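*Asks:* Given next are the chains, with one letter for each unit.
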Amino acid sequence: MKEITVVFLLNGKKTSITSLPNRTLLDVLRTDLGCTGAKDACGGEGECGACTVILNGKPVNSCMIFIGQVEDHQITTIEGLMEKGEYHRLQKAFVDTGAVQCGFCTPGAILTAKALLDENPHPTDLEIREGLSGNLCRCTGYNKMIDAIHLAEQRGLDD
Amino acid sequence: MQEFNYYRPVTITELKENLSQPGTRILAGGTDIVPKMRQGKFFASILVDTSGVKAMRFIEDQGSEIVLGALTTHQEAADSALLKNINPALVTAAESIGCQQTRCRGTLGGNIANASPAADTIPPLLIFDATLLLQSLGGDRRIPLEKFILGPGETDLQEGEFIHSISFKPLIGSWGSAFIKVGKRSGMAVSVVNTAVAVELNDKGKISDVRIALGSVAPTVIRCRKVEQSLMGKEPEPSLMKEIHAACQEEISPITDIRSTEEYRDHAAAVIIQRGLESAVEQAVGRGR
Chain A
1 MKEITVVFLL
11 NGKKTSITSL
21 PNRTLLDVLR
31 TDLGCTGAKD
41 ACGGEGECGA
51 CTVILNGKPV
61 NSCMIFIGQV
71 EDHQITTIEG
81 LMEKGEYHRL
91 QKAFVDTGAV
101 QCGFCTPGAI
111 LTAKALLDEN
121 PHPTDLEIRE
131 GLSGNLCRCT
141 GYNKMIDAIH
151 LAEQRGLDD
Chain B
1001 MQEFNYYRPV
1011 TITELKENLS
1021 QPGTRILAGG
1031 TDIVPKMRQG
1041 KFFASILVDT
1051 SGVKAMRFIE
1061 DQGSEIVLGA
1071 LTTHQEAADS
1081 ALLKNINPAL
1091 VTAAESIGCQ
1101 QTRCRGTLGG
1111 NIANASPAAD
1121 TIPPLLIFDA
1131 TLLLQSLGGD
1141 RRIPLEKFIL
1151 GPGETDLQEG
1161 EFIHSISFKP
1171 LIGSWGSAFI
1181 KVGKRSGMAV
1191 SVVNTAVAVE
1201 LNDKGKISDV
1211 RIALGSVAPT
1221 VIRCRKVEQS
1231 LMGKEPEPSL
1241 MKEIHAACQE
1251 EISPITDIRS
1261 TEEYRDHAAA
1271 VIIQRGLESA
1281 VEQAVGRGR
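In order, the protein sequences belong to chains A and B. Using my numbering, read the first sequence as starting at 1 and increasing by one per residue. Using my numbering, read the second sequence as starting at 1001 and increasing by one per residue.
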């Protein structure tokens, strides 16, 4: 098995990684790049959304992507949301509404919400529910997440 | 995870060359193959990743035909204004797949090549008599989608070949098309049974043409030609349910599996055809005005 070198933008920073090709983006993010916000919860089945990252503006499951597939792509992880030492509006809103409980699904849910609001700044409840349908949460019952996303929306989303 | 050598062509020429080596397998979005490789259900010594070939990611109106690049994602199909107008059944089907995360990666070409009997994008393509353009270093060939899929997970794709694009002719006049799916829940569900229906009404409001495809009730997605014949020339009304069910039973061979039972599929197939027909008729009437 030959190693490959992959170049991509990670949270705005040009990143180059040399790796065996049979590793997933999730594995490389967590093991090689210190981005442990993305989680493995369902064992790489694409069922739970805990490993969600934003790839070229779209939410994707990083457990279902081989590392070679992100060549030339832009990736945003939860670590990339903080700006100037401040948490992103969505992060604050998740905390303020109690949408973070055990926290395992939170990075994925916030990134899905960010991709949703970037495309649709004023989503309806139904659009939020559909948007979050790939992010499983065992604690919040989702209602608090929906509240959080509306709160972030109200606080303005000019970023 | 199993070991393999990995190629990432960015042009169609490179893709053809990469695939001309023996023992290659094709990767597109990866939503099926990556988990299957992890589980040891899909093997490749050489994996050729098509996902960087931008020339295979497009939705185009070429006049007489609509052409979809094989790497068009489900989300791109779901968001396409062109497809919403021309093949609403395909848009509904694409929207119903998995969740946003899988729709943004999974591709139409991948869905076809996987040849799952429960594939959601195949029925809406079958009712439009879609054809595939297959390419390889040896040349191009066209094949009807219906002939391409041979069995569960089995296709006519030959060594070195890949699906370049999918094309179909738009239906003109008083047509409507709809897709209906029954799953265990509305999100992240694999179809228990699904259907796509296209119908054309004449000026008397009778069915002058109808096409029906059913998924998850046979080894492949099937066109229900007996049901189609039984509906020709009739006025679309709820009383057709009996005829639909009778004709449908002659064509399907549902099984009991982890998702549902033979009996339920047998019943639900006819019910969703009827519902799909109602929805397609509603559109056809709207267009006929």
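Just so you know, these hints were derived from the structure itself, not from any lab. There could be a bad hint or two in this list.
Mimicking BS3-like on lysine-lysine, the simulated pairs with C-alpha atoms at most 25 Å apart in a straight line are [to be verified]: (1) B/LYS1242 / B/LYS1169; (2) B/LYS1016 / B/LYS1147; (3) A/LYS13 / A/LYS84; (4) A/LYS58 / B/LYS1036; (5) A/LYS84 / A/LYS2; (6) B/LYS1204 / A/LYS2; (7) B/LYS1226 / B/LYS1242; (8) B/LYS1226 / B/LYS1204; (9) B/LYS1242 / B/LYS1206; (10) A/LYS58 / A/LYS144; (11) A/LYS13 / B/LYS1054; (12) B/LYS1147 / B/LYS1204; (13) A/LYS92 / A/LYS58; (14) B/LYS1036 / A/LYS2; (15) B/LYS1147 / B/LYS1169; (16) B/LYS1054 / A/LYS58; (17) A/LYS2 / A/LYS58; (18) B/LYS1234 / B/LYS1206; (19) A/LYS14 / B/LYS1016; (20) B/LYS1084 / A/LYS58; (21) B/LYS1204 / B/LYS1234; (22) A/LYS58 / A/LYS14; (23) B/LYS1036 / B/LYS1184; (24) A/LYS2 / B/LYS1016.
Since the model is a prediction, treat every value here as computed from it, not as a measurement.
*Asks:* With reference to the structure, classify each hint as holding or not holding.
*Replies:* Going down the list of hints, with the structure as the test:
no.	hint	result
1	B/LYS1242 / B/LYS1169	violated (31 Å)
2	B/LYS1016 / B/LYS1147	holds (23 Å)
3	A/LYS13 / A/LYS84	holds (15 Å)
4	A/LYS58 / B/LYS1036	holds (23 Å)
5	A/LYS84 / A/LYS2	violated (40 Å)
6	B/LYS1204 / A/LYS2	violated (67 Å)
7	B/LYS1226 / B/LYS1242	holds (13 Å)
8	B/LYS1226 / B/LYS1204	holds (23 Å)
9	B/LYS1242 / B/LYS1206	holds (18 Å)
10	A/LYS58 / A/LYS144	holds (23 Å)
11	A/LYS13 / B/LYS1054	holds (24 Å)
12	B/LYS1147 / B/LYS1204	violated (35 Å)
13	A/LYS92 / A/LYS58	holds (22 Å)
14	B/LYS1036 / A/LYS2	holds (21 Å)
15	B/LYS1147 / B/LYS1169	holds (17 Å)
16	B/LYS1054 / A/LYS58	holds (17 Å)
17	A/LYS2 / A/LYS58	violated (30 Å)
18	B/LYS1234 / B/LYS1206	holds (5 Å)
19	A/LYS14 / B/LYS1016	violated (30 Å)
20	B/LYS1084 / A/LYS58	holds (21 Å)
21	B/LYS1204 / B/LYS1234	holds (10 Å)
22	A/LYS58 / A/LYS14	holds (19 Å)
23	B/LYS1036 / B/LYS1184	holds (22 Å)
24	A/LYS2 / B/LYS1016	holds (21 Å)
The structure shown violates the earlier hints numbered 1, 5, 6, 12, 17 and 19.
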